[in-house]
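A.B. asks: Here is how the chains run, residue by residue.
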Amino acid sequence: MNHRLFRLLAAAAVLAFATSLAAAPQIGQPAPDFSVVDTAGDVHSLSDFAGQKVVLEWTNHDCPFVVKHYQPGNMQDQQRMARNEHDAVWLTVISSKPGSQGHVSPEQADELTRSRNAYPTAVLLDESGDMGRAYDARVTPHMYIIDEDGILRYMGGIDSNPSRNSDDIPGATQFVVAALENLAAGRDVDPTVTRPYGCTVKY
Amino acid sequence: MPNCDFMNRSLSLIWLAIASLMSSAAALAWEQGPVQRDHIEAELVAASTSVQPGGTVEVGLRLLPDPHWHTYWKNPGDSGLPTRLNWTLPEGASVSDIAWPYPEALVMGHLINYGYEGEHLLPVTLSVPDHLEPGSELTLRLAAEWLVCEEVCIPGDARLELVVPVSADRPNPDPVHVSLFEQARQQHPQNVSWPARFSTEGSQLSVQVEPDQSLPVDRLEVFAAVENFVEHAEFASVTGGNGQLLIAQPLSPFRTGTPESLPMVLVDRVGERAWRITAEPGSLVSDGSLLAPASQTGWLLAIVLALAGGVLLNLMPCVFPVLSIKAMSLVSGAGHDQRRHGLAYTAGVLLSFALLAGVLLGLRAGGEAIGWGFQLQSPWFVGILVYVLFALGLSLSGLFDFGTRLMGMGQGLTDKGGMSGSFFTGVLACVVASPCTAPFMGTALGVAVLMPWPMAMAVFLALGFGLALPMLALSFSPALARRMPRPGPWMDTFKQAMAFPLYLAVVWLLWVLARQTDANGLAAILSGMVVLAFALWLGGKRDQGPTLSIARHVLVGLSLVLAIAALGTANRFQHEQGEAPASAWWENYTPERLAELRADPDQAVLVNMTADWCVTCLVNERVALNSDAVRQAMTDNDVVYIKGDWTRRDRAITEYLAEFGRNGVPLYVLYPRNGDEPKVLPQVLTPGLVVLALEQL
Chain A
1 MNHRLFRLLA AAAVLAFATS LAAAPQIGQP APDFSVVDTA GDVHSLSDFA GQKVVLEWTN
61 HDCPFVVKHY QPGNMQDQQR MARNEHDAVW LTVISSKPGS QGHVSPEQAD ELTRSRNAYP
121 TAVLLDESGD MGRAYDARVT PHMYIIDEDG ILRYMGGIDS NPSRNSDDIP GATQFVVAAL
181 ENLAAGRDVD PTVTRPYGCT VKY
Chain B
1 MPNCDFMNRS LSLIWLAIAS LMSSAAALAW EQGPVQRDHI EAELVAASTS VQPGGTVEVG
61 LRLLPDPHWH TYWKNPGDSG LPTRLNWTLP EGASVSDIAW PYPEALVMGH LINYGYEGEH
121 LLPVTLSVPD HLEPGSELTL RLAAEWLVCE EVCIPGDARL ELVVPVSADR PNPDPVHVSL
181 FEQARQQHPQ NVSWPARFST EGSQLSVQVE PDQSLPVDRL EVFAAVENFV EHAEFASVTG
241 GNGQLLIAQP LSPFRTGTPE SLPMVLVDRV GERAWRITAE PGSLVSDGSL LAPASQTGWL
301 LAIVLALAGG VLLNLMPCVF PVLSIKAMSL VSGAGHDQRR HGLAYTAGVL LSFALLAGVL
361 LGLRAGGEAI GWGFQLQSPW FVGILVYVLF ALGLSLSGLF DFGTRLMGMG QGLTDKGGMS
421 GSFFTGVLAC VVASPCTAPF MGTALGVAVL MPWPMAMAVF LALGFGLALP MLALSFSPAL
481 ARRMPRPGPW MDTFKQAMAF PLYLAVVWLL WVLARQTDAN GLAAILSGMV VLAFALWLGG
541 KRDQGPTLSI ARHVLVGLSL VLAIAALGTA NRFQHEQGEA PASAWWENYT PERLAELRAD
601 PDQAVLVNMT ADWCVTCLVN ERVALNSDAV RQAMTDNDVV YIKGDWTRRD RAITEYLAEF
661 GRNGVPLYVL YPRNGDEPKV LPQVLTPGLV VLALEQL
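These protein sequence lines are chains A and B, in that order.
Each residue of the first sequence is one higher than the one before, starting from 1 at the first, in this note's numbering.
Each residue of the second sequence is one higher than the one before, starting from 1 at the first, in this note's numbering.
Note that these hints are calculated values from the structure, not bench results.
Glycine residues also receive a C-beta, built at the ideal position from the N, C-alpha and C atoms.
It cannot be assumed that every hint is accurate.
[Said to hold, decoys possible] For lysine to aspartate or glutamate, the following DMTMM-like pairs were computed, each having C-alpha atoms within a straight-line distance of at most 25 Å:
no., chain 1, residue 1, chain 2, residue 2
1, B, K643, B, D518
2, A, K97, A, E127
3, B, K643, B, E677
4, B, K74, A, D168
5, B, K74, B, E260
6, B, K679, B, E659
7, A, K97, A, D38
8, A, K97, B, E151
9, B, K74, B, E150
10, B, K74, B, E272
11, B, K74, A, D167
12, B, K679, B, D218
13, B, K679, A, D136
14, A, K97, A, D110
15, A, K97, B, E150
16, A, K97, A, D130
17, A, K97, A, E107
18, B, K74, A, D136
[What the hints assert, rightly or not] Which bits of chain B does chain A cover? Going by a derived footprint, with three or more residues having C-beta under 8 Å, they are:
no., segment
19, 107–113
20, 150–158
21, 253–259
Take the sequences, apply the hints, and build the full model.
C.D. replies: Below, the structure written as C-alpha cells:
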C-alpha cells in the first residue's frame, strides 16, 4: 500500500474515533428511539413502551449461536420470564438485509415464533438496519435492556460462555435474567456491559 | 397419486435415517487422514514421519476452508469463535498450547474478524513419552471444534486420529507437510520483551512500545490478543519517532474491563515477521526511560525507597522541629505508656497517609489528571499550612506557651495528654510533611500513582511508616531512649533554634502561594500572618480583671477571624494568566477569542488544554506540539494555536472540557476550516500524528 495513503487511513481511523463514540449507545443514557414495523405491519417505537421495561434481542434463526439458545428453549424461557414475571416488553429484532441469512418474510417470522414456541411481544423487521446501527448491534444474539424511563441498563451477550454448544448453558451466567432480577429488586445491574458473542449481524 | 406420495415420503424417511446413522457413526469414530466437513477440510498431521521416545515433535490441525471462508484466531474479533483443540494422548505424553500463527483482519460488513483464509495449520509441540518401544506406534487423538464462516457461519467438529511409528532414529521431516509447518513457524510471532505500556484514557487505547530494532511503521499491523477490548473495526494507527512506536486504537464500547497486561501481536506481513509484545499499564516518558515500574521488582523497590524516604522526611525542616520536641516529651514521659503512645502516633501517621492517598487515587480513578502535589494546587490548603507552620514556629520561639491556648486544631489536639494527643501528633506530622513530600518525592510518588491501586496504596503506607519509624523505635526501645540527651535547660535553646527551619518552610510555602496569587494576595496573607501572631501573643497574656479579659478574648477571636479572612482575600486575587509573550506562537484561551476565530470560515484552530502538573501534557508539548515539524505545519496550514492553562482550576476551561465529555487534561481539539465538526486528537501525541491532522484540514 502506498505509504502516504496508509498514513491517511491511519489518521482517519484515529479521527473517526470521536464519531464512533457518539454512535455507541451508553449505559445510563436514554436508549436510541426507533420506529420499526413488526410482522403484523404495526409500527413500534420505544416511546410506545414508556413505563415498561423493554428487552431487545437481535436474532438470525440460522445462526448457530441463536440455535444454541433456541434449541434447548433457553431463549423462550427468558422471554416468558421477562414478560410474565417482570411485565417487560420483549422485542425480537431481525436486521438481516433482504437476501442475506436470517432475513425472513413476516409469515416466515410468525411461523418461526410458532414452531419454536417463542414468546416475544413482537418481532421487528429492521430490513434497513437503521435500528440495529442505532444500537450498534453487532452479533446475533445481542441483548439490550431498557428500563421504564427509557434508560439503557444492560447491553451485551445473552450469557457468560461464548460457545456454540447448548450443553454450556447451565454453567453460564444468564445476564438478561440477572439484570431483570436486579432491576426488580431495586439493585444496580451488574454487569452492565458484556461481550456480545455470536454471528455478525447481516446488515 | 397418494400411493406414490406415500412411497416418496417413506423413501425419504429411510434416506434420512441412513444419513443420520452415517453421520452419527462418523461423529463417534476417530477418523484418519483428511476429512471433509461443511465448507472445510480438516486433518491431524505431524511434522515428521516417526517419533523418538523422549523427544518432541510438532503436530497440528491442518484446516482448509473453501475459498472466501475462514476460521478464527484466539481473539476472533467482533464475532466468531476461536478453534478449540481437545487432545486424547497416550500416558506420559503432553502437548503445548497452540502456537497461533498471526491472523488476518477480515472485513465482515462494518465489523472485523481476526482469522485465517486458505490452508493453515494450528501447531502444538508434542512431548513423546520415553517408555515407548521402538517399533511400536504412537496414537494421537484430537477432538477439534471450529466455526467456519463466509458471510454465514457453520460450526464444525471432527474426531481425528494420527498413528505415528516410534523409532529410535532421528525423525525425518514429513515431506508432505514440511512446508505447512515451516509456514506456521514463520507466522508464529516471536516473543519479545520490549518495554511497552498502555493507557485507556478517553476510551482510547494508547500503547507506547520501545522496540530494540527499527520496524516498518508504515505497514505494521496490530492485533490485540485479548477478546472484547479494542474496537476491531477501527484499525490501529501506528506512528513512530524517538525510538518509540505509538499505537492508538479506540476501545470497544462492549469491553468489560481492562486486562492487567495486554498482549499484542505486531505483524510485518511483507517482511514475514511478527512480534508478540506484552504491554503493562502506565506510560513511557519520551526519552525512553521507564516511568512506570509495574513489575514486581519495581514495586518492591518503590516500597523500600518509600520507606527510606519516609525516614528521611523526619529530617525535613517542616517536620524535624515538631517531632524532635515530641520525642523529648516522649522520652521524659512515664515509662510504661510509651509504647502505646508510639503506636497511637504511628496509627495517626498511617491513617492520614492512607486518607491522602485514597483521595488522590480516587480522583485519578475518576479521570482527574492529577499527580502527587495536587494538595498544593489549593491556595486554601497552602494558606492553612502557612499559618500552622508559622504558629508552630512562633510557639518554639517562645512568643506564647506551647499549647496552653488555642493554637489551630492540629497542635491543640496534640497537647491533650492521652493517646489522642499522640495520634494527632501523627496526623500533624503527615500534614506538615506533605509540603515537603511534594518537591522531594513528587516523581517517585507519581510513579506509584500509575500502579494498580493496592500497590500504590502500599507505597504510600510504606512512606508513612518510614515517617513514623524513628518515633516508634524510640518508644519501643528503652535503650534507644536512654541514648537521647537528658532534658535540661538546654532544651529551651534547642526549641528556639528549631523555630528557624519552620520559618524557612513558611517561606517556601509563601513562594508556592505567590505563584497562585499576585502581589495583593501575598500582601493579604502576610497581613494575616501578622494578625495571627498578634492573636497568639495576646492569647498567652495574663488577665488583669474581668473587663479586660472579655476585651482580650474578643480581640483574640476577632484577630483569628481576620487571619482567615485574609486567607480568603488572598484567594480572590488569583494569578492572572499573563498575556502570551509577543514572541509566542500561541494565544491564550478565552471562549470569546475561540468564538471569534470560529466565526471566520477560513480559519482553522488547534486548541490545547494543558496544566503544569500534567505530565502527559508536558511530554506531548515537548515531543509533538513544540517540535519544529508541527510548528512548520501550523504556519504552512495557517492554523491558530490556542492554549488553555488549567494549572489552576479555571471555570471557562472546565466548561470547555465538559463540552467534550472530559473532566481532565490533556485535551486537543482541531477545528477544520469550513466550520465542520471539531476533531478530538488522541491524548498521546506524536509529531507525525499532529502534522498529518493539520495537513488534512
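A.B. asks: Now tell me if each hint is right for this structure.
C.D. replies: We went through each hint and held it up to the structure:
Using a Cα cut-off of 25 Å, the hinted pair K643(B) and D518(B) holds, with the two alpha carbons roughly 21 Å apart. The straight-line distance between the Cα atoms of K97(A) and E127(A) is roughly 5 Å, inside the 25 Å bound, and the hint therefore holds. Between K643(B) and E677(B), the direct Cα distance comes to roughly 19 Å. Compliance with the 25 Å bound is thereby established for this hinted pair. Only pairs whose Cα atoms come within 25 Å are accepted, and K74(B) paired with D168(A) is accepted, the gap being roughly 19 Å.
Of the pairs offered as hints, the one joining K74(B) and E260(B) holds, with about 18 Å between alpha carbons and a cut-off of 25 Å not exceeded. For a cut-off of 25 Å, the pair hint linking K679(B) to E659(B) stands: about 13 Å separates their Cα positions. Taking the CA atoms of K97(A) and D38(A), the gap is about 15 Å. The hint holds against a cut of 25 Å. Between K97(A) and E151(B), the direct Cα distance comes to roughly 12 Å. Compliance with the 25 Å bound is thereby established for this hinted pair.
Proximity of K74(B) to E150(B) is assessed by CA-CA distance (about 18 Å); at most 25 Å being required, the pair is judged to hold. Pair hint K74(B) plus E272(B) holds up; C-alpha atoms about 20 Å apart against a cutoff of 25 Å. Our distance criterion of 25 Å between C-alpha atoms is met by K74(B) and D167(A), whose separation comes to about 22 Å. The straight-line distance between the Cα atoms of K679(B) and D218(B) is roughly 23 Å, inside the 25 Å bound, and the hint therefore holds.
A distance of roughly 22 Å separates the Cα atoms of K679(B) and D136(A); the hinted pair therefore holds under the 25 Å criterion. Restraint check for K97(A) and D110(A): satisfied, since their Cα atoms lie roughly 18 Å apart, inside the 25 Å limit. Between K97(A) and E150(B) the alpha-carbon distance is near 16 Å, which keeps this suggested pair within the 25 Å criterion. A C-alpha spacing of about 11 Å is found between K97(A) and D130(A), which places the hinted pair at or below 25 Å, so the restraint holds.
Taking the CA atoms of K97(A) and E107(A), the gap is near 16 Å; set against the 25 Å cutoff, the hint holds. For a cut-off of 25 Å, the pair hint linking K74(B) to D136(A) stands: about 24 Å separates their Cα positions. Only when three residues or more bring their CB closer than 8 Å to a CB of chain A does the claim for the segment 107–113 of chain B stand; here the count is 5, and the claim holds. A stretch counts as covered by a chain when three or more of its residues have a beta carbon under 8 Å from one of that chain; for the segment 150–158 of chain B and chain A the count is 5, and the coverage holds.
Using a Cβ-Cβ cut-off of 8 Å, 4 residues of the segment 253–259 of chain B lie near chain A, which meets the minimum of three, so the contact claim holds.
Comparing the model with each earlier hint shows no violations; every hint is respected.
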